[in-house]
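Chain residues, written in single-letter form:
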Amino acid sequence: MPDPIVNLGVDLGTSRSSISSSNGMRQAIESFVGWPTDLVARKVLKKEVLVGREALENRRMLDLRRPLERGLIKDGSEKDGQAVRELLQHLVSLVGLGPDRDGLKVRAVVGVPAAALRVNKQQLRNALRGIVDSLMIVSEPFAVAYGLEALVNSLIIDIGAGTCDFCILKGHYPAEDDQRTLTLAGDYVDEQLHQLIAARYSEADVSLYMVRDWKERFSFVGEAPETTEVMAPVQGRPTPFDITEEMRVACESIVPALIETMLDLISKVEPEYQESVRNNVILSGGSGLIRGLGLQLQNALEEIGGGRVRVVADPLHVGSDGGLALAMDAPESEWEKLAA
Amino acid sequence: MAKLQRLKRRMIRQAVQENLDTMRGVRRGRRARLGYTTLLLARIVFFVSVPAALFASTYVLSNVSSQWRQSSWPEVTQSRTPTTPRTTSSTRQEVASSVPEFSMPEPIDPAVLPLALRTVVVDPGHGGENRGTMAPAGLVEKEVTLDIAKRLRDLLVESSYRVIMTREADRDLSLRDRADLANRSRGDIFISIHVNWLENREVRGVETFYLGPTDDPYLKALAARENQDSGYSLADLRDILQQVYAGVRQEESRRLAEAVQVALFESLHEVNGTARNRGVKSAPFGVLTKTDMPAILAEVSCVSNQVEARLLMTPIYRQYLAEALFRGVESYSYSLNQAYEVGG
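So the sequences go chain by chain: S and L. All residue numbers for the first sequence refer to numbering that gives the first Met the number 0, where the first residue is 0 and numbers rise by one. All residue numbers for the second sequence refer to numbering that gives the first Met the number 0, where the first residue is 0 and numbers rise by one.
Rather than coming from a laboratory, the hints here were simulated on the basis of the structure. All clues given are correct.
Cross-link-like lysine-lysine pairs, in silico, DSS-like; alpha carbons within 27 Å at most:
id	chain 1	residue 1	chain 2	residue 2
1	L	K7	S	K120
2	S	K267	S	K169
3	S	K336	L	K2
4	S	K104	L	K7
5	S	K336	S	K104
6	L	K7	S	K336
7	S	K42	S	K78
8	S	K78	S	K120
9	S	K78	S	K46
10	S	K78	S	K45
11	S	K267	L	K7
12	S	K120	S	K169
13	L	K2	S	K267
14	S	K336	S	K120
15	S	K104	S	K120
16	L	K149	L	K280
17	S	K336	L	K149
18	S	K169	L	K7
19	S	K336	S	K169
20	L	K2	S	K169
21	L	K2	L	K149
22	L	K149	S	K104
Only a predicted model underlies this, so the values are computations on that prediction, with no experimental measurement involved.
Let the hints inform the model, and build the full structure from the sequences given.
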């Protein structure tokens with residue numbers, strides 16, 4: 000007899016979203032949702048809506064949305080609200096929970112960028128209503144901290160695509176004062192890299208999507224671990240380009256702001272706990288994997304007495320795993336109140 | 000490990016609360032801190048007001064202490080008449096006149112008080128033949144208090160507290176037996192759960208009591224009602240009260256009462272918008288007398304008010320009440336931890 004309850008942890012990210020299910024399945028997709036732009040596109044694609052990689056690959060025929068652009072649902076955009084909904088629905092279906100659930104009760108903890116939770120709380124809840132039986136929305140850094148059991152005297156730096164969320168954990172659910180958000184994150188690095196490449200290699204035909212892919216494979220700060228050579232068409236002919244310096248400059252463009260915010264937040268912690276926090280800085284999110292970034296942040300901590308920065312090894316699922324842990328730990332009495 | 004589990008439970012509850020606020024359209028932001036700040040302010044007010052209060056109560060009590068030996072306490076302890084429906088103005092006056100007055104005892108050294116909070120004694124008011132108050136729709140206090148107590152027990156156990164229930168079923172239990180059980184179990188705090196009945200049926204709200212003298216006729220009457228079946232003799236009570244009144248246990252009880260009252264009102268105000276904060280008060284409740292730990296009695300709603308009686312009939316409201324009590328315990332526990340951290 001199947002378990003009558005399935006718990007889900009979901010990380011709705013600007014760039015990627017992931018899901019972890021108590022049935023043992025884990026999935027991740029690109030956070031893109033697209034609707035065919037016209038009848039022809041609909042006929043070719045044979046779908047009303049496309050999600051994830053499929054949407055990205057067919058983007059020329061789609062009204063393509065990244066619903067949590069810059070960490071927010073765009074104000075007044077019903078389409079983006081709908082896109083969030085499609086995204087969650089698709090994720091849930093990927094772990095085997097289609098419309099026919101055979102009496103299963105589905106509960107989900109959904110982690111979203113902290114800025115979205117601050118600004119779009121109600122819209123988010125409305126957008127996600129009805130997809131699962133019970134729904135809890137939390138800030139992504141909190142889900143990460145929960146999954147890692149770093150709930151006291153820690154600093155989570157979650158660098159996603161749209162935003163970089165800082166969150167100090169003090170043993171209670173983070174209040175607004177405990178969190179800060181920068182819009183200097185992965186997307187900003189992409190834009191910088193795109194501009195730098197275009198400035199140096201004006202003949203190269205380079206799209207933002209190509210730049211994003213290169214960044215995910217070769218990003219670094221500090222000393223270059225290798226020469227970064229990529230292929231891009233010049234008048235249709237694939238041509239190699241060395242973008243090592245551009246990659247370094249683009250990736251380092253966010254570092255000063257990260258360091259400044261990190262040091263400032265730590266300085267706001269009660270003095271007796273600052274050392275504990277300094278030694279418990281956790282770097283998470285896709286852009287947290289920029290090579291050398293953890294070390295640069297750790298070096299910056301030397302200014303205030305030193306500390307330790309740990310980089311999360313599996314940033315793709317750390318948020319959804321944390322959400323799943325939350326969902327499984329939340330008692331029945333709490334879930335009863337959160338009927339979606 | 001237990002500490003981590005407790006921390007997780009607390010954070011989950013806070014996360015759920017934030018979600019509920021969103022669902023209700025309540026802007027919350029810094030609520031959790033407000034609770035602690037309120038508690039801190041209450042403590043400051045308390046420490047400023049204690050000398051004045053002690054002076055005032057000394058004056059009042061010295062005037063009435065001569066009445067002590069003539070007091071009619073046995074009438075109170077022997078009164079086993081079911082209390083529903085309870086007070087009319089004439090009966091209230093009769094009962095009030097039967098409550099003894101008290102003399103001021105010697106202070107107790109603060110160091111005797113255990114402050115670590117691990118074991119919570121939960122006392123569902125009334126039980127068995129003592130039904131407590133009753134609403135016209137058939138709501139009986141002894142059943143409501145037991146249900147809320149069980150919900151509170153579950154929340155506390157989930158957060159790794161050790162919980163002692165004075166009763167788990169509908170059975171008679173004297174106030175003395177309740178206190179004895181709490182003491183034998185080495186409880187760290189004692190919470191007695193009751194629902195109120197007020198003559199003015201328009202009034203609704205929550206109030207929390209700790210043991211202390213009062214000259215308010217309403218509180219005397221209320222204490223007399225709740226003190227039925229105490230199981231104490233007059234001599235017992237006199238000795239007990241002398242030990243208690245100026246003690247730190249009383250101060251701790253008051254702090255616990257403040258924490259619970261803040262949590263109760265903050266939580267219930269959201270689901271029961273016109274509920275009044277009837278405040279923290281001292282009164283001579285028998286069930287609070289012989290417990291060795293900080294002890295409070297919470298009147299969590301007014302069953303005499305039609306709206307609150309209807310709310311009390313719903314499991315979700317009773318769950319809210321249990322959670323509010325739980326938050327009060329957590330807040331008090333948190334304040335103890337803070338004291339340790341700050342003071343080493």
